[in-house]
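Protein chains in written order, with our numbering: chain R, 396 to 639; chain H, 396 to 639.
One or more of the hints may lead you astray.
In this list, chains with the same sequence are indistinguishable; a pair is considered to hold if it fits within one copy or across any two.
[What the hints assert, rightly or not] Here are the simulated DMTMM-like cross-link-like pairs (lysine to aspartate or glutamate), alpha carbons at most 20 angstroms apart as the crow flies:
#, residue 1, residue 2
1, Lys468, Glu530
2, Lys485, Glu586
3, Lys397, Glu528
Keep in mind the hints are simulated off the structure, nothing from the lab.
2 protein chains.
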Amino acid sequence: MKIGIYGLGRFGSFWASTLSRVAEVQAYSRSSSAPPGVRTVSEEELCRSDLLFLCNSISSVGEVCGRIAPLLKEGIIVADTCSVKVHPMKAMISRLPANIRILGTHPMFGPDSGRNGVAGLPIAVCPGRIDQESEESVLAIFEALGLRIETLTADEHDREAAYSQGITHFIGRTLDLLKLQPSRISTTGYEDLLDIVQQTCNDKWQLFVDLQKYNPYTEEMRKKLHSSIEEMLVKLDSIESIGE
Amino acid sequence: MKIGIYGLGRFGSFWASTLSRVAEVQAYSRSSSAPPGVRTVSEEELCRSDLLFLCNSISSVGEVCGRIAPLLKEGIIVADTCSVKVHPMKAMISRLPANIRILGTHPMFGPDSGRNGVAGLPIAVCPGRIDQESEESVLAIFEALGLRIETLTADEHDREAAYSQGITHFIGRTLDLLKLQPSRISTTGYEDLLDIVQQTCNDKWQLFVDLQKYNPYTEEMRKKLHSSIEEMLVKLDSIESIGE
């Protein structure tokens, strides 16, 4: 099975490199070159892969599907890798012809959390418009990488991701505004917090915005987080201050 | 050197047990019994130790010092272990007679973060009213445990702790209000966040309140955190929503 990677940003390049350990991988990017072990090809050649992973930004999935729709070979499996699922899967289903198979995936890791290998890490899989045999051929690749496959609907994914990945990125980006520093008297909890800031801020700002804007459940999550903080502030203010 | 522990709460019991690996330890508590290897004694006998660690709550340091002041043997070293330093050190210095040596300490760990041993973990030390020889005798005990000793003033400690331990506990307690759940599609960052919630909420509510109220720098920290969150919410709201 020949795997194609569309887009060689921070995640695409990492994903291409990871997949090249278990399959033949070719990639297309407007600006970046392929990592070692991955062949750079034209957009046309990429669209003749057997399985094509879209590794572009969430906000550009619709546009990219429009561009590649006329180039895709019949029966190809197109799988996005976005951190939200409802929006890109709708875009793929509406923009790609009926003879194209569609699968939603979300590798729950990246170049930071996967730097010591991806075995044992989870990947979310949301069946879109695909027959069982084709889906299994993709899952076999994930199994070869040792990934833990979690199958769920796009809606279930987004609801759960808003309160896990979404909240983590929101907190990481917010704490980054405070310019927290390493401390010689840090607790292990604080060191974990600094790790979260660093990991979330290593990703592109665009990914953060897309996570917050394209997931239908993140607005509710942010509102709940905001009111929890205000509840806690009020609670502390209601306790009498210590006179020095 | 005979070490006494005043108070056998969650931290006191852990600290008594840890110290008993390198010294003779006796403890006094109104309600709890001593862990294995530690002898339970009366308040009077405890006050005849060579070095006495106060392991009661921040808010009760003044009261406890008032109680034990007449019982303490001359020359004893009294060291608090509070998570803030300016307030308890003022209380000790004002409440304990001039012939009592005073040292502020803050072990930057507890039963959770120290469950696999304390070697390599930091302990903050704030010299109060103590001669060099006596201070060195205490530091020798910390060195025997493999602790990393960080000497700083009480004010430096509180400023730095507000933006490390203080912010970590505030975030952990706030997220606890959201009742976050483990997720089958969690990222490693989210797992770190859940660990922070669990670790901070394992400590007593009183410790959280005392950390926030007795440290002169935490109010400013909470205000800055609050405005960072609002800044981020406004930033996200200003980005056009995705029409579904």
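Taking the hints in turn, this is what the structure says about them:
1. Lys468 x Glu530: Only inside one copy: Lys468 and Glu530 sit 17 angstroms apart there, 77 angstroms across copies, limit 20 angstroms.
2. Lys485 x Glu586: neither (39 angstroms within a copy, 29 angstroms between copies)
3. Lys397 x Glu528: within (16 angstroms within a copy, 73 angstroms between copies)
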